[in-house]
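Colleague: The primary structure of each chain is shown beneath.
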Amino acid sequence: MKLLTANRLSDGVTIWYAAEGWVEDAAHAARLDDAAAEALQKEWTQRETEVVAPYLVPLRDNGSPVQREHVREFVRANGPTTGPTRDALARAFARQDVFED
Amino acid sequence: MYQYDAFDHAFIRDRVADFSDQVARRLSGELTEDQFKPLRLMNGLYLQLHAYMLRIAIPYGLLAPRQMRRFAHIARTYDRGFGHFTTRTNLQFHWIKLAETPQILTELAEVEMHSLQTSGNCIRNTTSDHFAAAAKDEFEDPRPWCELIRQWSSNHPEFSFLPRKFKIAITAAVKDRAAIRLHDIGLHLTPQGFDVYVGGGMGRTPALAHCIRRGLPGSRLLGYLEACLRVYNRYGRRDNSFKARIKILVNALGPDEYKRQVEAEWATMDASRIDPPSDEIERIRAFFPLPDLSDAAFDAAAHARAETADPGFARWVKNNTHPHKRDNHVSVTISLKPIGGTPGDASADQMDVMADMAETYGYNELRITHEQNVVLPHVARADLYALYRRLDAAGLGTANAGKITDIICCPGLDYCSLANARSIPLAQEISRRFEDARLSDKIGDLQIKMSGCINACGHHHVGHIGILGVDKQGVEFYQILLGGRADEKAALGVITGKGLPAEAVPGAVERVAQLYLKLRKDDNEPFIDTLERLGREAFAEALHEPA
Amino acid sequence: MSRPNSSYEPQLVNRAGDVLGDDGIETLDFDRAVAELDGLNGSYAVRVEPAQDVRELLPYLEHIARFDIVFPGYRDGRGYSSARILRDAGYKGALRAVGDVLRDQVFIMLRCGFDEFLLKDRTPSETVVAAAKRYSVTYQSAADAATPVWALRRAGAA
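Protein chains in written order, with my numbering: chain L, 1 to 101; chain D, 1001 to 1547; chain E, 2001 to 2158.
Chain L extracted, bound-state conformation (with noise of 0.2 Å):
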């Protein structure tokens, strides 16, 4: 299973393909079978004026991101691991830090 995930153009806010569409949540972010994502993945790269550099993570049966990716991953969904920003986007999605391992 796989994430699609990207950066918006306008804003390079980083986005992750859900069942409704792109969003700013991980925790929304749809786990898609390989041959949905690889399709999905090629349809995006198109899509230029919208999104940048779409790209796949592969999962581990947790859900959570491959090792090799997850420290990266984690960063991305929860914003930085310290500093000001610390919590940020947990706290505007209402939820805990996402991809916990």
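Here are some of the chain D residues that sit facing chain E, going by a computed Cβ distance under 7 Å:
1. Asp1018
2. Gln1151
3. Arg1234
4. Glu1280
The calculated DSS-like cross-link candidates involving lysine-lysine, where the alpha carbons are at most 27 Å apart (straight line), are:
5. E/Lys2133 <-> D/Lys1037
6. D/Lys1259 <-> D/Lys1489
7. D/Lys1243 <-> D/Lys1037
8. D/Lys1518 <-> D/Lys1442
9. D/Lys1165 <-> D/Lys1037
10. E/Lys2120 <-> D/Lys1037
11. D/Lys1318 <-> D/Lys1489
12. D/Lys1498 <-> D/Lys1518
13. D/Lys1498 <-> D/Lys1243
14. D/Lys1521 <-> D/Lys1318
15. L/Lys42 <-> D/Lys1097
16. E/Lys2120 <-> L/Lys42
17. D/Lys1489 <-> D/Lys1518
18. D/Lys1037 <-> L/Lys42
19. D/Lys1097 <-> D/Lys1037
Everything labelled a hint here was simulated from the structure, so no lab data went into it.
Note that the Cβ used here is the ideal one computed from N, Cα and C, for glycine as well.
Keeping the supplied structure of chain L fixed, place chains D and E upon it in accordance with the hints.
Modeller: For chains D and E alone, coordinates are given in the frame of chain L:
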């Protein structure tokens, strides 16, 4: 400082219009991302983990108070209320929107600021000595030459699509406070002219620059730089971006052959068209007079009383002030490395305070250093206590300049899409480990420099202790390097021991520091001298937990 | 979403914005030119790839009516140096930019001495004319006639 004339204003106006048009065409799809990317990089806009990052140029590190206040305004209006000062003396904001960038650039242009060529395969910001015009060991103020180079390199038509980025640094003092030998071109101004060093740099293949010319007259500087750049543009590798810097070319040809090609090229150029006559450098130099420094007598007794009453002030004077040409003045380092803070960050409020302090006590001048601190180059000693109290109240009074907690650190994997590992949390841990002021003062001058990846934005190759984040199957590991130096005795640190997980690094640094205290020949032998005297091997074992 | 500008068929335009037809000049590749131009009569065009050294052709400039300087990708900046070297050497013929030639590079190409462009653009003629005016200020000398700012300052034009 340099004041824009009508030409300079017209240029950045044209630049903002040009980039605004490019943004519009990207948003509409007329430009593909692949075509737009080098254009946005040449205007300082990266796409990072959270949003776009805008890198604003601070030419040769020099800022006026109104410019610092404009940064505060941009932080509040367009970002998250703070900014990050970098090792190339620029400023970064991490949550910028592409669609708002033209407006931001317009507001920067109003105070003679821009983001020109802070990224991309072009000539970047020329950096220099943060104590320029103030330090006793200086031959001449290098900053007029920085401004001359800045203008010459702006939108240079031949050198806008180089094999890779190109970084220039200039010093004109005995001590090298700009790390010139770690630059693509380093220039050392002496009474005989410029000594030209080429082919230095950090990253995957670190190298110290070679001197290819001594005593180059300033009147020939730009032509010589053109020749150096042209040889690089024509023959630098373009097949592999990891082998595309000029250091690779200089190494492959050998410095003598590179010099021969440069000087052959130089001989073909019409100097009268490329080298401005001396009135241009004189015109620029007129913008850099020494300020009208106060004659206020320094009341040593009053100062001593203040130090006795306030030991924190005494520490701050000892650690954060640097001797000045005028005995009744000093240069002050405002540390942006509070214990447990993010190295190099300043909040919008802190930016306003620094602007105020520069106006009240600092003759309207601020400098950003390549160590991610801020300098007030001219401060009357009579004003030090008042200044310290204001800085301390704003969290800007940390008395650790050059000490073990004055850590140079890139944003790392908390922000940067190039990173392998996070760097800031580890810097914070190390900082807290040494927060005892007596301990850190006892250790004395010790430069830790940290990078989250091999691109070396944290200059880890030239830290006395360098720390490099590496990726081990997604687990953050850190290699320790020992023995780097960024000064006139420039040296590259050597990887020592195996990679360590994050939790092992503060202890490793602590054991190295404790071993240094045990082995130094006296209290005056700094860490780097002890390390060089005894060799890295003496410290290698200390990096790992005792069995 | 508009189609990318670079998806239009390349058109040959000169700096005045005129659309050019085939000038009928025979084009030689670089190696052949170096080997044979000495013994040939008449005028030829020579195609120069980025890694090729235009100085090897300086002895034969009188036989070369046009250089086609190749930009295989717009990020390959070697063609700017090739053009400037030719103009510095006094070459007065046509310098044509070919390959991945896009609107945003035309201004600096003009400054380096190019006067013809095989340009991928929706409106190539208008684009080349507009590109010349992108910047009113040039800080440094190049291969064009623009006066660098330091010289304008000397002349008191501030």
